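Asks: Let the hints inform the model, and build the full structure from the sequences given.
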Amino acid sequence: MSADSTLAGWAARLGSGEISCRELAADCLARIEQGAHLNAFVSVDSQRVLDVAAERDAIPRAERGPLHGLPIAIKDIFCQAHTRTTAGSRMLEQWRAPYSAHVIERLEAAGAVLLGKTNMDEFAMGSSGENSHFGATRNPWDDSRVPGGSSSGSAAAVAAGMVPAALGTDTGGSIRQPAAFCGLTGLKPTYGRVSRWGMIAFASSLDQAGPMAWTAEDLAMLLGVIAGCDTRDSTSVDAPVDDYSKALSAPVSGRRIGIPSALLGADVAEPVRVAVDEARQTFERLGASIHEVALPTALAGVPAYYVLAPAEASTNLARFDGVRFGHRCSEPRNLTDLYLRSRAEGFGSEVKRRILTGTYVLSVGYYEAYYLQAQRVRRLIRDEFLAAFGQVDVILAPTTPGPAFALGEKVDDPVAMYQQDVFTIPANLAGIPALSMPAGMTGGLPLGVQLLGPHFGEATLLNLAHAFQQATDHHLERPSGVRE
Amino acid sequence: MSIDAEQVRRIAHLARIGLDADEADRYIGDLESILGMVERMRAVPTDGVAPLPHPIDLQQRLRPDVVTEADQRDLFQADAPAVAEGFYLVPRVVE
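Chains as they are written, first to last, in this note's numbering: chain A, 1 to 484; chain B, 1 to 95.
Treat the hints loosely; a few may be bogus.
[To be verified] Residues from chain B shown here face chain A by an in silico Cβ test under 10 Å; the list is partial:
{"hint": "1", "residue": "G18"}
{"hint": "2", "residue": "A21"}
{"hint": "3", "residue": "P51"}
{"hint": "4", "residue": "P53"}
{"hint": "5", "residue": "R63"}
{"hint": "6", "residue": "V66"}
If you're looking for bench data, these hints aren't it; they were derived computationally from the structure.
Remember, it's a predicted structure, so these values are computed and weren't measured experimentally.
Here a beta-carbon is modelled for each residue, glycine too, at the ideal position from N, C-alpha and C.
Replies: Shown next, in the form of structure tokens:
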């Protein structure tokens, strides 16, 4: 098995001295330049990257961190001190973060080399990577197609071989859907597992940061570094962090896997259905047992989410007022004009659409019928998952209804775009962890399947995904021209 | 679900987003189709189900009542659109 381009592969070569941190960083910078047409990055400070990598090379072997010298790209939603942090928005086009996010502090302390900030749907609102002020990101497998979103640049950067891993965020599928579209493995951890401190808020009860890479083994390395309690995020959970790398090799035999047939009643392309079925058979061969699980309310997840997430967004994005930071219109006539025009100019059309939707569902006369009803549906969905995890260890489902779609195909139909999230949204509503991994190809494009687990069940998800990747080669597929 | 231009203008004003007439017209259709999709959720029976605001049952943590933040006003104001003498500037509110 070739694992040259994985995080683990580079860690081994850095450890043996076959390559230096600076040489690896320079190689990544060259690949970012070669792949500029994919529009994966918003900001790259090459000199600083090379300086940091050279500093890493000077660290004595005994003092090296678990991610020593490893190049990692960061979704531009994470604050990085004194670095431009845009969230893909004109609103923050010139804004430099005054401090670093918790996950950035953790990665730097572990010795990683942060390569740059990746493109994304504005404020993480999108499922295609097309809603960025800095232009759409393209899919390295087929540059006429979307890479998925909202962590579009992170997915494209890894798939194109620019970096071996990246951080994304996932509010309704924004790590898992682009991972599936780009042939990667991506993990949305349990809500509260990774601190949201320094992550620009979209929908605070749903947002969670997580890693994207080629393999479950690489995700385990990264999650071990970024997981853990941080008192600066009041929803960060003080639960012990498992040894995820150690958990990878646990036996799969005897594990119980749930199949939610009701969820598969949604519109699913035939190749996706086949991929899920083949994954089921692989797990059976590995000794797992398969059980039917009922998630009767999960299909109401999309409408519930598109009430709750816009409602939270409309509140969170009220902070962008043209006064304290971000874009301000020129020559405001009065304070109201300053607000109206700064926000009209600073936000793109999808962000405005969500703020308007959120404001509507929170307004007098609609709050009960929309917002509270969505929260009740949310409880039903969560409780159905909790009941299912009394019967099974994990649930196997598609990640997306189909493979990556064409650029421009869904931009004029917001509801068709939202429907892309049908399989990913339930995990965010329930706060449970979910992992997407490559599970086949159709027409030259990768397909993903998803494993969903109980709260704080990340070790089990990574264990099963790793076993799957030991038994199959789907995660070894690469776009043409990208090193294996 | 039927929305009219007046409703869109009212919501946009509540959200402090300036819209021109063309944009307002476009959002009428968008909001109608989004709220039409949301109707599916309203049909889910939820009698006796308590709203779930948050996926994990958390207790608010308490911490010692001590100052943990240093004064970083100059740093925070370095990227503000308009400041003077440590204050954020806005158009005159009181004549």
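Asks: Confirm or reject each hint.
Replies: Verification of the hints:
no. : hint : verdict
1   : G18  : holds (4 Å)
2   : A21  : violated (13 Å)
3   : P51  : holds (3 Å)
4   : P53  : holds (6 Å)
5   : R63  : holds (7 Å)
6   : V66  : violated (13 Å)
The structure fails to meet hints 2, 6 from the earlier list, while all remaining hints are met.
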